[in-house]
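Novice: Using the sequences plus the hints, can you model the full thing?
Residue numbers (this note's numbering), protein chains in the order written: chain A, 1 to 221; chain B, 222 to 327; chain C, 328 to 964.
Hints listed in this document are in silico derivations from the structure and should not be mistaken for laboratory results. Among the hints, erroneous ones may be present.
Stretches of chain C that chain B covers, calculated by requiring three or more beta carbons in the stretch to come under 8 Å of a beta carbon on chain B [to be verified]:
| no. | region |
| --- | --- |
| 1 | 537-551 |
| 2 | 561-575 |
Only part of the chain B face toward chain C is listed, based on derived beta-carbon distances under 10 Å [unchecked claim]:
| no. | residue |
| --- | --- |
| 3 | Trp247 |
| 4 | Gly304 |
| 5 | Thr312 |
Here are the computed lysine-lysine pairs in the DSS-like style, where the Cα-Cα straight-line distance is at most 25 Å [to be verified]:
| no. | chain 1 | residue 1 | chain 2 | residue 2 |
| --- | --- | --- | --- | --- |
| 6 | B | Lys292 | B | Lys242 |
| 7 | B | Lys299 | A | Lys191 |
| 8 | A | Lys106 | B | Lys239 |
Since the model is a prediction, treat every value here as computed from it, not as a measurement. Where is the CB? At the ideal position from N, CA and C, for every residue including glycine.
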Amino acid sequence: MASAVAHEEVHEHTHYTTTGLDNRKVAIWAFIGSECMLFMSLISTYLVYKGKSIVGPFPHEAWTSPDGHVFKPILNIPVTTQSTFVLLMSSLVMVLALAAVENRGKPGYAGTLLGNSKLWLAATAALGATFLGYQAFEFTSFVHEGLTIHTNLFGSSFFTLTGFHGAHVTAGVLWLLTLLSIDIKRGLTPKDALLVDICALYWHFVDVVWIAIFTLVYLIK
Amino acid sequence: MNDHAPHADHAHEHPDWKQYKWVALWLTLITVVEVWIYYTSFKDSPYFIPVLLVLSATKFAIVVLMYMHLKYDHKLFKALFTGPLIIAVCTLLALYALLGHQAVPQ
Amino acid sequence: MATTAATPTFAPSTTYGQTGIWSWITTVDHKRIGALYLYTALFFFMFGGLEAGMIRWQLAQPNQHIVSAELYNQLFTMHGTTMIFLAVMPLSAAFFNFLIPLQIGARDVAFPRLNAFSYWIYVLGGIFMTLPIFFNSAPNGGWFGYAPLTTLPFASGLNIDFWVMGLQILGISSLAAAFNFITTIINMRAPGMTLMRMPVFTWMSFVVQFLLVLAFPVITIALVFLLFDRFFGTNFYEIAAGADPLLWQHLFWVFGHPEVYILILPAFGLVSEILPTFSRKPLFGYNVVIYSGMMIGFLGFGVWAHHMFAVGMGATADTVFALTTMLIGIPTGVKIFNWIATMWGGQIRFAAPMKFAIGLIALFTIGGISGVMHSSPPADLQQTDTYFVVAHFHYVLFGGSIMGIFGGIYFYFPKITGRYMSEKLGTWHFWSTFIAMNLTFFPMHFSGMLGMPRRIYTYDAGQGWDTFNLISSVGTLLLILATLIFVFNFLTSRKNGAVAPGDAWGAGTLEWSIPSPPPDYNFAEIPVVTSRYPLWDLKHPERTAGIAHSAPDPMTITDAHATPVHEETGHKTAAELGIPMPFNTVKPAIAALAIVMMFGGLLFMHTGKFAVAMTITIGSACLFVGTLYAWLTSPLE
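Specialist: Pasting the structure below:
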């Protein structure tokens with residue numbers, strides 16, 4: 001696309017900004033602000049309904065149903081600790097991916113593992129997908145053990161909250177895979193760093209929401 | 222002379238790979254402590270929840286300040302994040318105070 | 328594909344003054360999108376007015392049965408929903424769209440295609456929510472949709488489904504627009520325009536965008552819970568499962584209270600532009616007006632439970648919210664004084680916009696007084712759920728928002744179309760509206776105090792309410808006639824109005840420095856601003872002698888085209904000026920359609936056609952993802 005090249009040169013001179021920051025970065029932070037309120041509403045509802053389910057299963061206590069069936073506490077802390085760790089590590093590799101793109105070609109990055117943006121993008125997506133795998137495992141085992149989204153207040157609020165979070169992770173994984181495919185096709189240069197940065201901000205925020213959920217849902221009774 | 226994103230963003234210091242490693246290490250450590258105390262008798266102490274909240278808030282802050290490099294970025298982003306965060310936290314506390322009564326006895 | 332991830336390329340615009348329906352469907356120009364919002368919102372305003380007309384016809388006399396109770400429920404629900412979400416908010420959006428870039432000296436908003444998307448999803452969502460009334464299936468749970476009343480056991484049928492999904496769709500529109508305007512206002516101001524030099528309308532709009540960003544996610548979740556309860560059998564509002572009957576109310580009003588500030592602040596902004604112009608002096612106490620606006624925005628998140636004083640939250644909660652509510656009356660009241668002081672000592676010109684602005688001051692004050700009366704829980708126990716509240720909110724919403732918006736329309740009509748509206752018809756419109764509005768809503772204070780409940784479809788004679796209701800209904804009829812005068816004026820002035828220059832009223836802000844109507848690129852040369860009233864600095868410096876001025880900070884001038892403030896009268900095309908214009912595109916409209924179809928598909932689950940539902944919903948989701956991908960990978964300009 002020869003015309004595209006010519007256009008890029010002509011394009012450079014416009015688009016003054018008041019702050020010197022890119023519009024898209026400003027917009028993503030505004031979006032993250034709205035997500036704070038979104039997840040606050042979900043988390044508040046979960047907390048408000050904690051301990052108020054009339055029937056079990058319950059998160060941290062066993063329950064015997066009226067017909068004698070014994071349900072053990074539903075939440076599995078050891079397994080969820082692993083998925084939490086996976087998500088935390090995904091933030092690390094995300095940061096490395098951004099650094100690799102920003103510093104492409106610079107000494108210390110060119111030709112090294114550190115500078116391999118495809119590796120780090122793929123790793124982030126893979127860890128994200130692993131987290132989703134854990135979630136899928138968790139959801140199906142809960143259903144198997146008798147907790148569904150309609151069972152009680154706990155089921156409804158738990159699956160909706162973690163489901164929304166999982167949907168956000170899924171969107172993030174798709175975003176990462178898109179960036180990865182662009183990196184494979186034509187390579188991401190420092191000029192593209194902003195796009196990776198925006199994806200990274202979204203990704204870290206999703207991680208941070210999970211930090212809150214892990215504590216408030218899993219660790220606090 | 223025109224402003225384009227990469228040019229303006231790099232006017233600040235950047236944490237480097239070594240700092241990121243430390244961040245990851247701290248996050249892991251704090252998580253280990255959180256899960257550890259969950260399994261000890263400390264979980265029955267009245268300090269359990271406050272300690273857990275402080276630990277999680279620390280993880281939250283580390284990720285936001287370092288990974289999302291809010292610490293190093295233009296102060297506009299700090300404002301864009303902190304405002305909503307304050308309103309979200311205050312609303313959550315208010316809703317809990319208003320609706321979170323004693324648990325229904327099982 | 329080589330350029331997809333780098334900054335988009337552009338080509339200079341080849342046409343100026345596009346015509347034809349397709350050019351409107353594919354437009355990404357903020358001025359055209361603003362015009363689309365304006366026309367659509369005015370249509371819905373009239374539709375909502377007709378719904379009000381039917382309500383008042385039914386209530387004109389005791390024990391009438393012009394409409395059934397069931398239809399009455401749909402009428403008052405849709406009147407409220409239409410007026411709030413399909414009329415007033417989009418009317419404000421019309422002004423955000425048209426005005427913000429012009430006031431800050433920008434050529435468009437930050438994300439023009441997202442802007443178009445916001446409009447299309449609004450119009451499609453509005454149709455989605457409005458059509459059902461023709462099938463007797465309109466939402467019927469009140470505009471506030473209290474659960475558990477709106478859960479499936481109590482509200483079977485599709486009515487509430489339309490409401491839940493319709494609001495979700497409209498929420499997407501508002502949120503997308505909010506991200507757009509926040510970015511625009513932060514990042515696209517002309518050199519020298521610091522935040523404290525922005526026009527007040529832009530400032531109030533800025534606050535509103537943050538209110539939108541923070542409040543809409545909360546109602547989104549409340550609606551998600553209701554949607555899930557109705558479609559997927561969850562228990563969020565299921566009392567038998569232990570749900571809290573107040574959960575909906577709290578979540579709704581955490582959104583609902585900031586929502587009312589979303590409704591009023593743009594009108595406050597418009598009035599703050601009109602008053603200085605027709606008093607020929609700067610706004611009195613600009614800083615205070617701005618800080619008050621910010622305070623209202625912030626405090627607005629701390630008062631919501633004053634809508635719930637009668638539910639039994641307990642003395643502590645009642646007291647806290649009573650105090651915060653009284654507190655928020657202060658910044659609001661402060662603005663009234665600033666406006667009065669702006670007029671004081673000015674050379675007043677009572678043009679039509681000025682009449683409406685002054686009308687707002689008078690009528691909003693009345694509404695504010697009844698509002699303060701509500702802030703006391705003991706007093707509110709008598710007032711709540713009576714017509715006293717209906718009086719209050721119509722004084723602030725009609726007497727406030729609508730009067731301000733009408734004023735804004737008269738004021739900005741010349742800028743948008745290049746012609747003035749008829750001043751004579753405007754005067755008739757103003758006085759008939761002012762009188763009719765008071766005739767309609769003032770009696771409601773009395774019928775409310777005498778105990779007339781809200782939302783009843785008939786009432787028995789002899790309770791002392793009859794005369795007041797009759798007067799209100801007569802007033803409503805007059806209001807409809809008054810509005811018709813306005814519609815006539817609006818439509819005929821487009822062709823027959825006196826031609827207006829760029830500086831149609833002798834105002835002081837940047838939008839008046841370009842031709843009426845503006846060229847597609849807005850400013851041929853982005854001006855450098857040195858005070859709050861850049862055009863007065865140029866043309867009436869005696870008016871701005873007393874306000875702060877500064878030499879522009881050389882660090883902020885990075886665009887080679889920036890020049891001192893000047894009036895632009897030439898009509899060169901963007902191509903001649905070398906200004907890149909964005910491409911027209913239909914993708915935002917298609918993306919909007921896909922989303923509406925996704926929600927619409929779900930509806931079929933409640934008619935027993937599960938397979939149809941899944942096909943439509945999943946198919947539309949794929950269409951959405953595909954369109955989004957095409958949108959994100961194609962260049963803007």
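Novice: Can you give the numbers of the hints that this structure goes against, from lowest to highest?
Specialist: As far as the earlier hints go, only 3 is violated by this structure.
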